[in-house]
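Student: Put together the whole structure using the sequences plus the hints.
The numbering of the sequence shown is my numbering, which starts it at 58 and goes up by one.
Source of the hints: derived by calculation from the structure; they are not laboratory data.
There could be a bad hint or two in this list.
Calculated pairs, BS3-like style, for lysine-lysine (alpha carbon to alpha carbon, straight line, at most 30 Å) [stated by the list, open to error]: (1) Lys501 <-> Lys580; (2) Lys341 <-> Lys358; (3) Lys571 <-> Lys501.
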Amino acid sequence: MDPARRRRRGDRLHGLRAGLARRRAAALRGHLLRAARGRARAARAARRGAGVRPGPARRRALPPRPHRAPGQAQPLVAHAGRAHRDLLPRRLHARRHQARSSVGRPQRDRGRRTDRGRRDPDRVAARRRRAARAARREDPPPRLRQVAVASERHRGEGSSVTRSRWYRFYAAEISYFSGKVRPALRQKGVPFVECLPTPAAYRDVILPRTGLGFIPVVVTPEGETWQDTSEILDALEARHPEPALYPASPVQRAVAYLLEVYADEFLVLPAMHYRWSFPDSVRKARGDFAASNGDPAAAAKFAGRMGGSIRALGVVPESAAAIEAHTADLLDALSAHFAAQPALLGTRMSLADCALMGPLYAHLYLDLVPGLLLRERAPRVCHWIERMNHPDPDAPGDFLAGDALAPTLRPLLELVGRDAVPLLLDTLRDFERWADARPPELEKPPRAVGFHATQLRGAHFQRYTSPYTLWMVQRALDAYASAGERGRAAIDAALAGTGCEALFAYRPRHRMGKRRFELTFEKA
58 MDPARRRRRG DRLHGLRAGL ARRRAAALRG HLLRAARGRA RAARAARRGA
108 GVRPGPARRR ALPPRPHRAP GQAQPLVAHA GRAHRDLLPR RLHARRHQAR
158 SSVGRPQRDR GRRTDRGRRD PDRVAARRRR AARAARREDP PPRLRQVAVA
208 SERHRGEGSS VTRSRWYRFY AAEISYFSGK VRPALRQKGV PFVECLPTPA
258 AYRDVILPRT GLGFIPVVVT PEGETWQDTS EILDALEARH PEPALYPASP
308 VQRAVAYLLE VYADEFLVLP AMHYRWSFPD SVRKARGDFA ASNGDPAAAA
358 KFAGRMGGSI RALGVVPESA AAIEAHTADL LDALSAHFAA QPALLGTRMS
408 LADCALMGPL YAHLYLDLVP GLLLRERAPR VCHWIERMNH PDPDAPGDFL
458 AGDALAPTLR PLLELVGRDA VPLLLDTLRD FERWADARPP ELEKPPRAVG
508 FHATQLRGAH FQRYTSPYTL WMVQRALDAY ASAGERGRAA IDAALAGTGC
558 EALFAYRPRH RMGKRRFELT FEKA
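Tutor: This is the structure:
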């Protein structure tokens, strides 16, 4: 099916789904209205049977009734700030105004009550029995159970999901790298429950299992723990190979790894700049962190720490203009590409799409200042973000045939080669100089080994040197080396003139590995 026909089909499906949603909403409103009227009639009948009548003072306190002709429908009353009451009839609101105690305190309607004004003991006992049964089964809350069942149904494996088959995904909505993993889990259609990184989660799960205070963390149904996002996606691809996130052809595979390096190691500059350099974004981020971990004091402390650490990343006043210019060019390049293709490497989500979702969704899309920029300058990028966050596992799409790259992808690759590759090479060279002089017995490098000078579009600044950059670049170099002679020639031809070929031409003198979630030196 050609892309134009696929897009038309998608538009039709979107229209059908929107119409279905409207009909369901209308049916729900009607159901709520009928139920409210029935409760009002039952309440009036009960009061008449008990001989209860509102006093004259209570009647005078009621708002005046509008004139209603015979046969006219019962009017609805709108209460500012209580949108759900728009669905209730005016008469029910009147009874609530009238039902007051002797001291003027309203008696809230909390369901069926006994004549003594207490809650029905039968209902209370039933609720307690249900809670006890749920605790014995260790069931999740109803919403989480629906998520798992819906995800499993997408895979066509039945509508019931046992707890032993769930993945637990410890993540936050505004977390950079949580945004990278979440679309992949949804695209694969695996049943998972997203857990907030509360202090209890860190104390009981994340720190004991990984020894590190970082998210995201995935706990498999078998009890395995995955921590690094690149390793999470590798393991997820190995366990659930369809629909594939990693292209099999050499050019597309190498480009996917290249864009992963770009998203993880370079786009942290605009992501952190737009979140922590603008007071409005800082205030929103502080509230978002408090909502995710449930500890406002810890969120404020974390926000203050992040605001002071962005200088180590290279987010300084000298680099601000260059970072913003790069971001504008990135949004323009992606907008032009997504006008022709729904994803980076075709019609299917890939590793490259997941990697870009980290900075573009979790930071630029959700933060206040860049969110306005994104919606005004690049609405197509916003549409791509929504597609990636809500993929259809039953229609994953395909990578472009013949190991081809869309012509609209070349401006993005040229932008990466012009701005990101020189900065990454500066980091690699500085780390290798440090590694050459390290003590021979040192197996685990520190998270940062100092600072080095670099530049972006003529702006010179200092940036910390991280060994993790070498580990990420190794992934792209390994994909390049495993492509074979013909595959490497095809990669060189596809990237010629973009500037990205310089990264694949780099030959590191050292090699990094992973042991228990920490980087270690390996034999090169």
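Student: When the structure is checked against the list of hints, which entries are broken? Sort them ascending.
Tutor: none
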